[in-house]
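Chains A and B, in that order, are what the protein sequence lines are. One point on numbering: in the working numbering, the residue at position 82 of the first sequence is 82, and numbering is uninterrupted. Every position in the second sequence, counted from 1, becomes a number in the working numbering once 333 is added.
Derived from the structure by calculation, the hints contain no laboratory data. Careful: at least some of the hints might be erroneous.
Not close to chain A: a few residues of chain B, all C-beta gaps over 12 angstroms, as computed [unchecked claim]:
hint, residue
1, R432
2, L519
3, R570
4, L597
5, R607
6, F649
7, F696
Which residues of chain A face chain B? A few of them, derived with a C-beta cut under 7 angstroms, are [what the hints assert, rightly or not]:
hint, residue
8, V150
9, P151
10, L154
11, L159
12, M160
13, Q292
14, V297
15, I301
16, L304
17, T308
Below 30 angstroms or equal to it, Euclidean Cα-Cα: the simulated DSS-like pairs (lysine-lysine) are [what the hints assert, rightly or not]:
hint, chain 1, residue 1, chain 2, residue 2
18, B, K369, A, K225
19, A, K225, B, K367
20, A, K240, A, K225
21, A, K234, A, K244
22, B, K364, A, K225
23, A, K225, A, K244
From the three backbone atoms N, C-alpha and C, an ideal C-beta is built for every residue, glycine too.
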Amino acid sequence: MLSYLMRRLLLMVLTLGAVSLASFFIISLPPGDYVSTLQAQAESRGEMLDDSVLVALRARYGLDQPFFTQYLKWISNILLYGDFGQAFAWNSRPVADLIWDRVGLSFFLSLSTLLFVWAIAFPIGILSAVRQYSAGDYLATFFGFLGMAVPEFLLALVLMWVGMRYFGQSPGGLFSPEYQDAAWNLGKVLDLAGHLWLPILIIGLSGTAGLIRITRANLLDELYKPYVVAARAKGLPEWKLLVKYPVRMSLSPFFSTVGWLLPGLISGETIISIVMSLPTTGPLLLSGVENQDMYLVGSFILILSTLTVIGTLISDLVLAWWDPRIRHRYQGG
Amino acid sequence: MLMQSEHTSPQADDFDPEAGRASPWRLVWRKFRKHKLAVAGAIVMLFAYFVVAFAEILAPGSPSAVDERHTYAPPQLVQVDLSWDNGVQLYVNGFRTERDPETFEQIHTIDPRQRVPITFFARGDSYHMWGLIPWDRHLIGSADPAQKVYFLGTDRAGRDVFSRIIHGARVSLSIGLIGVAVSFVLGLFFGGISGYYSGVPDTIIQRIIEFLMAIPTLPLWLALSAAVPSDWGPLMRYFAITTILSVIGWTGLARVVRGRFLSLREEDFVVAARLDGCGRGRIIFRHMVPSMSSHVIASLTMAVPGMILAETALSFLGLGLQSPAVSWGVLLQEAQNIRAVETAPWLLIPGVAVLVTVLAMNFVGDGLRDSADPYKQ
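Given the sequences, and given the hints that come with them, work out the whole structure.
Written out as structure tokens, the structure reads:
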């Protein structure tokens, strides 16, 4: 197990290196560098930037040097000082501050969505496997396909429209206008809860659809194995038989999704957040992309990929802890 | 395609006396046919591509024709008039136009007293069929060319939503096919190398795939499309977006191909061919590729809807294709603002087109996957 862990960690470091290189490659894709964009922007506002400032900025990011030196400078700034560069569309605020501001709500949204997905998908998946080809199973299957086929943003638009038209809800955002700038109090929390269910429902729906399919397929693989038949023949009560072994086996996708929580911290379901104007990190990423604010975008890619890689590792470790079969496969070497 | 018939298992013979003689593709088709939803999906899919081929004739008007007098006009439903004197007559109701007393905006409502007759092969906007043959007939349209009709309403600029959906199908449905074709070539190449040779090339390619999969898809697409210069024309953008989508798309396919190669390599008939002294090329192309093609086709079908959804999402955010190009995502961009949706809910109808197509393709892919291996009982 230890050697497996070491090998995975080593591999992770290598992957992260490659990811960071790719992120920086994306940053440097658009023509023109950061400082000349900054200069052009200042000129369009009728301001002149001091030459010494420009020179200092160029030196800081190593913009006159070759690609690889620039990359080394960028990555060492991040690793040593947590400096991701500046976002020029936001008055040159540090990228790290901008992202950090929005992490709280993004995380809250991801976590509650994941819990929602588990709570819905797990029972439905089990039920539709145990009662295969029943009306309920067909309903779940149909719902699963539908959930995978609907573009999330379309669902968001339709539900917002319905909410506005028939329930008089204020569209988008996480707070009613009167609570927007208020300090945190009970009223604001209740208001947040009143707004939050819709994004959770929408984001959760496609994930739920996929997870129902996986749970059903996994459980169906287990249900007809000889050990289940043997247990049934020995007179084990049906529900105990079900919960104790096959369900336990089919749980593995739930552990694989734990890893999604980490990137969800930052990504916060980009498209839905944009459509519903939620104050998460999604709209920030979009604005970065629209303004070709490449330090912001590149940092997003880097942070998200890093979290995905770490999340996957955690998932795999949890899975190995949960499922002895997986654990034994790695014990050899 | 006969090479597999001798591998038919004895159970299959009990089950179906013809299985031993029928070709593998015939067996696949027989199994596919039993999957009712998949057959229905296949019919919808064929219809969609038929619409793509004949968009100019099928659409009642030009997708870019602007009608300033009828902005945000509501859909006009086709109605049937059955009377003894005139026989069957199709018509739609005309508009009554008022001005909002506060905002001075024009508001169109359906006026049940006005009737605009509808005919088949109506004269309308002229076009060049497939860019070659000039014509001005449309499958269905207003009998009077001066009086336009809008079956699914109009958008902000008074453009016909129905015609735009039909023309948008061209881009939306082809981007999926081309994207998948590119991913297919990449996936088959790398997956094939990885699966057949294994060892060092396999390790390298697997690490590359894992690396590409580690980058979250949507932010990567966003970042790459941010890097597409904004002064590129619609055609260049189209290919840029397709390439961006395929960069991610091929990894899944490569895994499928590799897995198939790995399992096929140990199959008796491949071992037998090798012992018989077949060359490597002949083993791959004559023995292995045909027996995995049904699986590959199934995974390809599963990949197309993903591409369509991705293009829709990117264009919806304004980062994929942009007007004047017409795709379903571009059309949905009109509905990005909830206020616009409130004024004109029919702007969401392109989303229904996306939904139906993607659903149909998923069903077909599911059916193909289930029937890909006709010898499995």
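Hints and how they fare:
With a closest Cβ-Cβ approach of about 23 angstroms to chain A, R432(B) is found to remain outside the 12 angstroms limit, as its non-interface label requires. With a closest Cβ-Cβ approach of about 17 angstroms to chain A, L519(B) is found to remain outside the 12 angstroms limit, as its non-interface label requires. Remark: the non-interface label on R570(B) is consistent with the geometry, its nearest Cβ contact in chain A lying 15 angstroms away (cut-off 12 angstroms). No Cβ of chain A comes within 12 angstroms of the Cβ of L597(B); the nearest lies about 22 angstroms off, and the non-interface call holds.
Non-interface status of R607(B) relative to chain A is upheld: no Cβ of that chain comes within 12 angstroms, the nearest being about 29 angstroms off. Taking the minimum C-beta to C-beta distance to chain A, about 6 angstroms, the non-interface status of F649(B) is violated against the 12 angstroms cut. Under the 12 angstroms C-beta cut-off, the non-interface status given to F696(B) relative to chain A is violated; the minimum distance is some 7 angstroms. With a cut of 7 angstroms, the hint placing V150(A) at the interface with chain B holds, because the nearest CB-to-CB distance is about 6 angstroms.
A least Cβ separation of about 6 angstroms between P151(A) and chain B falls short of the 7 angstroms threshold, and the interface hint therefore holds. For L154(A), the interface hint holds, the least distance from its beta-carbon to any beta-carbon of chain B being 4 angstroms, beneath 7 angstroms. Given the 7 angstroms rule on beta carbons, the hint for L159(A) is violated: about 11 angstroms separates it from the nearest Cβ of chain B. About 5 angstroms separates the beta-carbon of M160(A) from the nearest beta-carbon of chain B, less than 7 angstroms, and the hint is met.
Hint status for Q292(A): holds, given a least beta-carbon distance of 6 angstroms to chain B, under 7 angstroms. The restraint placing V297(A) at the interface with chain B holds, with a minimum CB-CB distance near 5 angstroms, inside the 7 angstroms limit. For the restraint placing I301(A) at the interface with chain B, the shortest Cβ-Cβ distance is roughly 5 angstroms, inside the 7 angstroms limit, so the hint holds. Hint status for L304(A) relative to chain B: holds, with the closest Cβ pair at about 5 angstroms, below 7 angstroms.
Checking T308(A) against chain B by beta carbon gives a least distance of about 5 angstroms; that is within 7 angstroms, so the hint holds. Note on K369(B) and K225(A): the hinted pairing holds, with a Cα-Cα distance of about 28 angstroms set against a maximum of 30 angstroms. Our distance criterion of 30 angstroms between C-alpha atoms is met by K225(A) and K367(B), whose separation comes to about 26 angstroms. Restraint check for K240(A) and K225(A): satisfied, since their Cα atoms lie roughly 16 angstroms apart, inside the 30 angstroms limit.
A threshold of 30 angstroms between alpha carbons decides the hint, and for K234(A) with K244(A) the separation of about 15 angstroms falls inside it, so the pair holds. For a cut-off of 30 angstroms, the pair hint linking K364(B) to K225(A) stands: about 25 angstroms separates their Cα positions. For a cut-off of 30 angstroms, the pair hint linking K225(A) to K244(A) stands: about 14 angstroms separates their Cα positions.
This entry does not satisfy hints 6, 7 and 11, going by the numbered hints stated previously.
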